[in-house]
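Just so you know, the protein sequences line up as chains A and B, in that order. The opening position of the first sequence corresponds to residue 1 in the numbering used here, with each subsequent residue numbered one higher. The opening position of the second sequence corresponds to residue 112 in the numbering used here, with each subsequent residue numbered one higher.
Simulated from the structure, these hints should not be mistaken for lab results. For each residue, glycine too, the CB sits at the ideal point set by N, CA and C. Wrong hints could be hidden among the right ones.
If the Cβ cut is set under 7 Å, some of the chain B residues that face chain A in the computed set are [claimed, not checked]:
hint, residue
1, Gly153
2, Asn162
3, Glu167
4, Phe176
5, Gly196
6, Gly220
7, Pro221
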Amino acid sequence: SQQGEEDPQALSIQEGENATMNCSYKTSINNLQWYRQNSGRGLVHLILIRSNEREKHSGRLRVTLDTSKKSSSLLITASRAADTASYFCATVTGSARQLTFGSGTQLTVLP
Amino acid sequence: DTGVSQDPRHKITKRGQNVTFRCDPISEHNRLYWYRQTLGQGPEFLTYFQNEAQLEKSRLLSDRFSAERPKGSFSTLEIQRTEQGDSAMYLCASSHIKTSGRDNEQFFGPGTRLTVL
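Please put together the full structure from these sequences, using the hints given.
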């Protein structure tokens, strides 16, 4: 079962604009991670934020975490056509420390 | 290339046939995971190995599915008597218990896309 839900399901923007994706989850977490997946390919880890952190930056990425609302957001600034991909949030759960993924946001950046 | 590799990348089979996929994790990664991803959804956890021991299996892993990791290196995932509902992308991921710890950042392979006709 999916732990989280991403919003929106699909997002289309112009190159240079910012893109914001939101993720909600159900259970308490140790950390929340964001992954990118290009069409039909494997996932690439983007950024991780721990439950005791509220905001984190990595290059053009900014992640926030609100544990009281069980939600996170991913902001991509100055988007590029190469950012076109599906973006998934994932939480580490279970004794196996497996990732539980949301349903993803499909981002399209138009040149 | 030192990333996670999977073979084959694509597999088309007829219903009822058996298929086997292989995953080679990053060298020295002692954790290995299998996930399944259907179109438009996020990956779902199937099973987990720590070294050669299979420590957890999801309820998604029916008795037609079996996974092994002999010698704690590469892993295989076999599906017997395939059904059309098995059509999906099968992803393998690895991590190292010491370097990733509780964070468990996982490194994914490119996946094997299975189509059951």
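Checked hints:
{"no.": "1", "hint": "Gly153", "result": "holds, 3 Å"}
{"no.": "2", "hint": "Asn162", "result": "violated, 13 Å"}
{"no.": "3", "hint": "Glu167", "result": "holds, 4 Å"}
{"no.": "4", "hint": "Phe176", "result": "violated, 16 Å"}
{"no.": "5", "hint": "Gly196", "result": "violated, 17 Å"}
{"no.": "6", "hint": "Gly220", "result": "holds, 5 Å"}
{"no.": "7", "hint": "Pro221", "result": "holds, 4 Å"}
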